[in-house]
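**Student:** The chain contents come next:
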Amino acid sequence: MSTDTSPSSADETGEEMADEGSDPAALQARIEALEAQVGEMEDDGQKKMTIIATQGSFDMAYPPLILASTAAAFDWDVVVFHTFWALDILHEENSKNLKLSAVGNPNMPIPNALAALPGMDALATRMMRSKIEENGTATIEELIDLSLDQGVDLQACQMTMELMDYDEDEFYDGVTTDVGAATALEHMADADIQLLV
Amino acid sequence: MSTEFEITETLDVKGQSCPMPVVKTKQAIDDLSEGEVLKVVATDSGSMSDIEGWANSTDGVELLDQQEGEDVYKHYVEKTA
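Residue numbers (the numbering used here), protein chains in the order written: chain A, 1 to 197; chain B, 1001 to 1081.
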């Protein structure tokens, strides 16, 4: 079998090694330097996850927060970029009043004609909240606290904050503001996992 | 069934569901020193798979044992670094 099928990365190192010729000591030093470099690359194995959260209903607030707080327990570098309705998850007051929509939700055991009646969203939300309490599922606030405690970067999109007249003082302490799409993209470009919720 | 390791701390997450058993386990492990063992007692049946998955993907911890009892799941995690 031919030996000149080496991958391109070996070609690059080959060029650098040409200067050192066949001096065994120089080659040895070069090998050690490369091994150290590979070692560093392996050590820098921290995974990154970026989640773009766009939904602010009670049910849709859970998936990004559960994934983010769990990923932080894996020691991953996690950013959740909240935009549009998802800003309500970070809003201290609104986050306590997130609602489930009974209309247009085929998983709800309520016909749309009934679900559209006044008070039905509140009723559906109350039912879900009591189920969550019964089941020992964490509340939105608990998951936000856990995420922030563990170093998850919860970001609030500046453009939608202004669109919705939100002030950063209304958000939980520790939420990152003054960030936009470019900040999110920069993290996404480097991330192992990118999710849009 | 006896365990051949010494338990340093016990974490009770009975009644709590995903993602709490994993997240609290991680927090409790952070408070331990190298070589110490955390026992986690959970009622979440998903904790068997979840704590194993977490331990496999996380540096510095080793899952020593898992025991499934009647509605109770016990996990033994050592802090290795």
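Be aware that a few hints might be false.
Computed list of lysine to any residue pairs in SDA-like fashion (alpha-carbon distance at most 20 Å, straight line) [to be verified]: (1) Lys99(A) x Lys47(A); (2) Lys1024(B) x Tyr62(A); (3) Lys1014(B) x Glu133(A); (4) Lys1074(B) x Arg129(A); (5) Lys47(A) x Met1048(B); (6) Lys131(A) x Cys1018(B); (7) Lys47(A) x Leu148(A); (8) Lys1024(B) x Glu1004(B); (9) Lys47(A) x Thr1043(B); (10) Lys1079(B) x Ser130(A); (11) Lys48(A) x Ala1055(B); (12) Lys96(A) x Thr54(A); (13) Lys1024(B) x Gln1067(B); (14) Lys1079(B) x Gly1015(B); (15) Lys1014(B) x Ile66(A); (16) Lys48(A) x Leu67(A); (17) Lys131(A) x Thr1043(B); (18) Lys47(A) x Asn1056(B); (19) Lys1014(B) x Ser1057(B); (20) Lys1014(B) x Gly1035(B); (21) Lys1024(B) x Pro63(A); (22) Lys1014(B) x Thr137(A); (23) Lys1024(B) x Leu67(A); (24) Lys96(A) x Arg129(A); (25) Lys131(A) x Leu148(A); (26) Lys1024(B) x Thr54(A); (27) Lys1024(B) x Asn107(A); (28) Lys48(A) x Lys1039(B); (29) Lys1014(B) x Asp75(A); (30) Lys1024(B) x Thr137(A); (31) Lys1039(B) x Lys47(A); (32) Lys96(A) x Lys48(A); (33) Lys1079(B) x Gln1027(B); (34) Lys1079(B) x Ser1045(B).
Since the hints were made in silico from the structure, they are not lab data.
**Student:** Does lysine 47(A) pair with methionine 1048(B) here, judged by a C-alpha cut-off of 20 Å?
**Tutor:** Violated: lysine 47(A) and methionine 1048(B) sit about 23 Å apart, past 20 Å.
**Student:** Does lysine 47(A) sit within 20 Å of lysine 99(A), going by the straight-line distance between their CA atoms?
**Tutor:** It is violated: about 33 Å lies between the C-alpha atoms, which goes past 20 Å.
**Student:** Is it true that the CA of lysine 131(A) sits at most 20 Å from the CA of threonine 1043(B)?
**Tutor:** holds, 17 Å
**Student:** Given the proposed pairing of lysine 96(A) with arginine 129(A), does the C-alpha separation stay at or below 20 Å?
**Tutor:** Judged against 20 Å, a Cα distance of about 11 Å means the pair holds.
**Student:** Checking one constraint from the list: CA of lysine 131(A) to CA of cysteine 1018(B), max 20 Å. Satisfied?
**Tutor:** holds, 14 Å
**Student:** Check the hint pairing lysine 1024(B) with leucine 67(A) against an upper bound of 20 Å on the C-alpha distance.
**Tutor:** holds, 14 Å
**Student:** Does the alpha-carbon distance linking lysine 1024(B) and proline 63(A) stay inside the 20 Å limit?
**Tutor:** holds, 18 Å
**Student:** Given the proposed pairing of lysine 1079(B) with glutamine 1027(B), does the C-alpha separation stay at or below 20 Å?
**Tutor:** Satisfied, since the Cα-Cα distance of roughly 12 Å is no more than 20 Å.
**Student:** Are the Cα positions of lysine 47(A) and leucine 148(A) separated by 20 Å at most?
**Tutor:** Roughly 18 Å separates the two Cα atoms, so the pair holds.
**Student:** Going straight from one Cα to the other, do lysine 131(A) and leucine 148(A) come out at no more than 20 Å?
**Tutor:** violated, 25 Å
**Student:** Between the alpha carbons of lysine 1014(B) and threonine 137(A), is the straight-line distance 20 Å or under?
**Tutor:** holds, 12 Å
**Student:** Given the proposed pairing of lysine 1014(B) with glutamate 133(A), does the C-alpha separation stay at or below 20 Å?
**Tutor:** With a Cα-Cα distance of about 14 Å, the restraint between lysine 1014(B) and glutamate 133(A) holds, given a limit of 20 Å.
Going down the numbered hints, you'll see the structure goes against 1, 4, 5, 8, 9, 10, 14, 19, 20, 25, 26, 27, 28, 29, 31, 32 and 34, while the others check out.
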